[in-house]
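The lines below spell out each chain.
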Amino acid sequence: MITELEAWGIFLSPLIASPIALVAGRKSRNAAGIIASASIGLSLVLAFLLYLNISSSTSVESQYNWFYDINYGIFVDHLAIVMLLMVALVSLMIHLFALYYMGGDPNRHAYFAETALFTSGMLGLVEASNLLEFFMFWELVGLCSYLLIGFWFFKPNAASAAKKAFIVTRVGDLLFLIGLAVLYSSMSSVSSDPLSISFIVNNASRLPSLIGQYNLTLVSLLFLGGAIGKSSQFPLHVWIPDAMEGPTTVSALIHAATMVTAGIYLVARVYPLFYEAYPVSLYIVLFIGSFTALFAGTIGIVVNDIKRILAYSTISQLGYMLAALGLGSMFGPDVIAYSMYHLVVHAFFKALLFMSAGAILLALMDLRDVRQMGGLWKRMPYTVSLLFIGSITLAAVPFTSAYFSKDTIIGLSYTMYQSSGTLAMALPWLFLQFGALATVLYTFRMFFMVALGKPRSHLASEAKDPKKIVLIPLAILAVLSLGYGVFQGSFYGYVSPGASVPAIPAFTEMLSIAFLLIGLAVTYFLYAGDRFTRIHPEKIPGYRLLANKYYLDRLFTNAIAQGTILPLSSSFAGAESRYNGAVERFGGSFLRIGNALRKLQSGVVENYFLLIIIAAAAVFIVLELAGGL
Amino acid sequence: MIIEYIFAVLVAASMITFFTGGRSRQFARLTSLAIAAAVIIYSAYRFYPGYDGGYISTFSLTLSSYTGFYFSLGINGFTDLLVVLGSIIVLAALFISDRSDDPVYYGLILLTEVGIFGLLMSTDLFFFYVFWEVVLIPVYFLIGLYGGPRKDSVSLKFLVYTHIGSVFILLSIFTLYSYYYSEFGILTMQNADLLSTPFFATIPYFYKVFILTGFLIGFLVKLPTFPLHSWLPDSYEEAPYPVTVILAGALSVMGGFGLFGILYPLYSQIPSFFLWLLIALGILSLIYFSFTAMFQSNIKRMMAYASAASMGFVSIAFGSGILGTGNNGIIDLAGGMFQIFAHGLIVAFLFSLLYYIKTHTGHDTFYGLGGIYRESPVMATLFLGGLLASLGLPGLAGFVAEFSIIAGSYGILGPLIYLVIFSMIITASYHIWAAQKALYGPYNENLGQVRDLSRSESAAMIFMLISILVIGLFPRIVFPLLTGYLGGIA
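Taken in sequence, the protein lines are chains A and B. The number in the numbering used here is simply the position in the first sequence, starting from 1, with 14 added. The number in the numbering used here is simply the position in the second sequence, starting from 1, with 1 added.
Keep in mind that the hints were calculated from the coordinates and are not lab data. Treat the hints loosely; a few may be bogus.
[Said to hold, decoys possible] Which residues of chain B face chain A? A partial, calculated answer using Cβ under 10 angstroms:
hint, residue
1, G145
2, S197
3, P199
4, F201
5, W232
6, F296
7, T326
8, F339
9, L385
10, L392
11, S410
12, V421
13, F475
[To be verified] Mimicking DSS-like on lysine-lysine, the simulated pairs with C-alpha atoms at most 27 angstroms apart in a straight line are:
hint, chain 1, residue 1, chain 2, residue 2
14, A, K468, A, K392
15, A, K468, A, K478
16, A, K482, A, K553
17, B, K152, A, K169
18, A, K169, B, K438
19, B, K152, B, K359
[Claimed, not checked] Computed footprint of chain A on chain B, listed as stretches where at least three residues anywhere in the stretch have a Cβ under 8 angstroms from a Cβ of chain A:
hint, region
20, 63-77
21, 174-183
22, 394-405
23, 442-452
24, 476-487
The C-beta atom is built at its ideal place from N, Cα and C for all residues, glycine as well.
Throw the hints in and build the complete structure from the sequences for me.
Below, the structure is given as structure tokens:
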């Protein structure tokens, strides 16, 4: 009972705090941030207590009827508790930093109300016991991201980025919704609680016999569609780089804690659906994940906006997580632990990276072009050191935590290729391996351009560190980014009982280190000074393709939105007005007939008698012809 | 018996309103508030303790036993819900009526409420039809007297178009009436007799189809369903905002009640091609209206099409729910009825807010608006809430219905579900597009200063949004009434 209350409290605390922050913020703008942060602090404490309570047992579950045969409730197992702790911790750090970062915004009470709601949506999603409840929180998260990306609503870019984010993720969400429909219609006859998550988790092996492998495959692929939209995987990743128009702390929340990880978590949460489906499901997961890892990484190399570099890096890292889940066809459900570990590590260093970038942008008056920075390490030593820690973790430099989490995934993909023996299975491994090279390149390109060399703009030459106290949340995340690797084994064992650290092939290990050294050498040579200003990237083959993001954005905006949907809509509207015109003409002709007949109403009684006689005669003639009376 | 007294009070009040002169606005508002409160308290009192189908509070008055005309009323879970909805819609319409003291206007609006209540409560097809017509006449006058520049032709079009639909219903009713007489030698207009499955099964197939076609044409015009919707966009646009609220909320209630209240009791006798026709028309309406809505530059017209599109779900639910089996069929049908209710609440809310936007800024087109969030954050935020409810965001009332219909109908529709989902993507796109153009982005400085909602206006609107939220979060408030109603028939 206590544990259940703790579980409810975790997401209810920020949910209740959100409107309070909004109302209290009307009186005192600063109160809102404190209320929101405190509520998330409470969530973190409750999550930790719950962690202590359920470490011995396996899960906490409670169900109540929502409507008809759909229930709602709480389902927290080891997978969920790990996620809860991560979300609450990272979100708390971001909220504390936002107290400083958003400190001057006139609408900061609305900001904190929305971020508290955002966090609560994510926490609720993690704990949901029913997939429809899960979906509701999933959409709450989407709504909050829409509001927060468009937080500076007066900027046309922000308004249109928010719209894009909503519509693109909505496409994924509705695929998810069909998945729910398929699952419901096939489960409703075999279970009294058709969309229960714990039923799926606890009856994994019975699923194929209950609802059939075909339905399982369909459901899992539709759910994957939802995950692709939310976790911005290829080809629905186009919303996330534009989403950088929001405040930087919002980007940190979206990228680390509260939104994009939801898609990965969905696949991990209902993993039995994927695992028990036809093998094609997991192969698709693997290919999409690994392809995205390389694809987004290569775009990251040519982008000049510091926040967009980090955005593409997020897409790429999420690709690793999804690919890890796709490896399950060989390594079994233990891959959930491998994927979740990278997810948690990524949350730490990505929040750190975004917030240190945010601190830099505040000093540079939101000048986001890395070509205009340079020499900041001397001018903002603390902030840029934190950025450095984030960068080496992102690049998986040995013995940072991402080194353990990411190289495990790359190594396993190589093992899978080796044991399957088919050449096609080399692709995921190659994608992931070269994705790591791309990661090193874009990370250090960004870092060297920011930190070394001479300032390339007036703003950069005058940048100063913020007060040290506001960097404390970043320092905490930096410690976790560097040191969380020691928990690798215990993390695996906790999330997936019996899982241990798998052996990594020495070959991929060596290759990763070689790539790191090559990447470091190349980027240092080009970007540590100002050599890069002398190269003209337009002349390098392939640059245009990368700089245009493989033309996918254009495909979506030009070919689909403007080329297909708008013309369709215009022709439907044209058809509608022609149809209405035709109906009116048809009706109009009746009115004219009526007008003509009105002339018979002459008011002369003789004429009426004449008409009556003619009509009666006609009736009798017809009756006579028809066979008589 | 209580509901009959409420109804009698409403009839009397609507008559009195015509003679209240300068006080008519106040009188009509207070009456409709009292009626809504009474209806809600009555429903909580009679239906909350548990409802398992059938009529509650029946009342019958013999008018002419020889011809079988009884004035009989009764209420079941489904009609009760619609009566509540009707009273809320009329209340909202009166709340945003600014015509200071025009007794005819207020009398006509209350007369519409009489018609809605009457047709929902009649358990006799004759009086059902009478009240059905009672709704149309006041609405015709409301558009014709108080409408926009094209009010004369539009109100005539509305009357003729919807009346032709009604005549088909009358034809079907009298066919049933005469068949019952030739079968049993009894003249009766009672629903319980004419709409009973054993009797209907004895009718020759051709006449079954004839009767069902007549009913369907009448109901689909009101719903409205493509291609019987031509009255809709012009009427919505020309009608004053309060009347638009009634048109969008109440007329779709009539169509939905026709399907689920009149035809559903005969469900086992409806040939499956009728049901498939309804599904096809529903999907077609969804896609056709969504795409058409996307291209409108007038927000009122856009929302008119959006409202018509979301009623496509109702006919899909009716068709696929009867074809479906087990829990899938029940959740599908209940979802369809839920959609009528949710849609009524949402359009009443949306058009009320659009009325405020129009009166405060002088515009209801995208060209005239832009960035109004800066000047009137409360109004803009509430309108965004309405748009989100209308596009079916989870947590708001519309989603429960849409989920129930999609989940329940998948077993019947199969891959056709992708068309439904596609239309939902289009719906989401133009709703969000509307928000971006009208509410966000740079402020349109031509508007000058825009007044935000006053305290009482925002209180009423927030109350409506909260009701939509509460129904969406706690669908159990209404779901048992619907499943109970279905259970009572099966």
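Are three or more residues of the region 63-77 of chain B within 8 angstroms, CB to CB, of chain A? violated (count 0)
Just to be careful: measuring from the Cβ of P199 of chain B to every Cβ in chain A, is the smallest value less than 10 angstroms? It is violated, given that the least Cβ distance between P199 of chain B and chain A is near 30 angstroms, above 10 angstroms.
Between the alpha carbons of K468 of chain A and K478 of chain A, is the straight-line distance 27 angstroms or under? holds (15 angstroms)
Hint check, F339 of chain B versus chain A [nearest Cβ-Cβ separation less than 10 angstroms]: holds (9 angstroms)
For a C-alpha distance cap of 27 angstroms, please report whether K482 of chain A and K553 of chain A respect it. This hinted pair is violated, its Cα atoms lying about 44 angstroms apart.
So, as I understand it, the hint says S197 of chain B touches chain A; can you test that by seeing if any CB pair is closer than 10 angstroms? This interface hint is violated because 28 angstroms lies over the 10 angstroms limit.
Checking one constraint from the list: CA of K468 of chain A to CA of K392 of chain A, max 27 angstroms. Satisfied? Status holds; Cα separation ~10 angstroms.
Given the proposed pairing of K152 of chain B with K359 of chain B, does the C-alpha separation stay at or below 27 angstroms? With a Cα-Cα distance of about 19 angstroms, the restraint between K152 of chain B and K359 of chain B holds, given a limit of 27 angstroms.
Taking a Cβ-Cβ distance under 8 angstroms as contact, does the region 442-452 of chain B have three or more residues in contact with chain A? holds (count 3)
How does the region 174-183 of chain B fare against chain A when you require at least three residues with a CB closer than 8 angstroms, holds or violated? Not satisfied, violated; 0 residues make the cut.
Does the nearest C-beta of chain A fall within a distance shorter than 10 angstroms of the C-beta of F201 of chain B? Violated, because the Cβ-Cβ distance from F201 of chain B to chain A comes to roughly 29 angstroms (cut-off 10 angstroms).
So, as I understand it, the hint says W232 of chain B touches chain A; can you test that by seeing if any CB pair is closer than 10 angstroms? Result: holds, 9 angstroms to nearest chain A Cβ.
The structure shown violates the earlier hints numbered 1, 2, 3, 4, 16, 17, 20 and 21.
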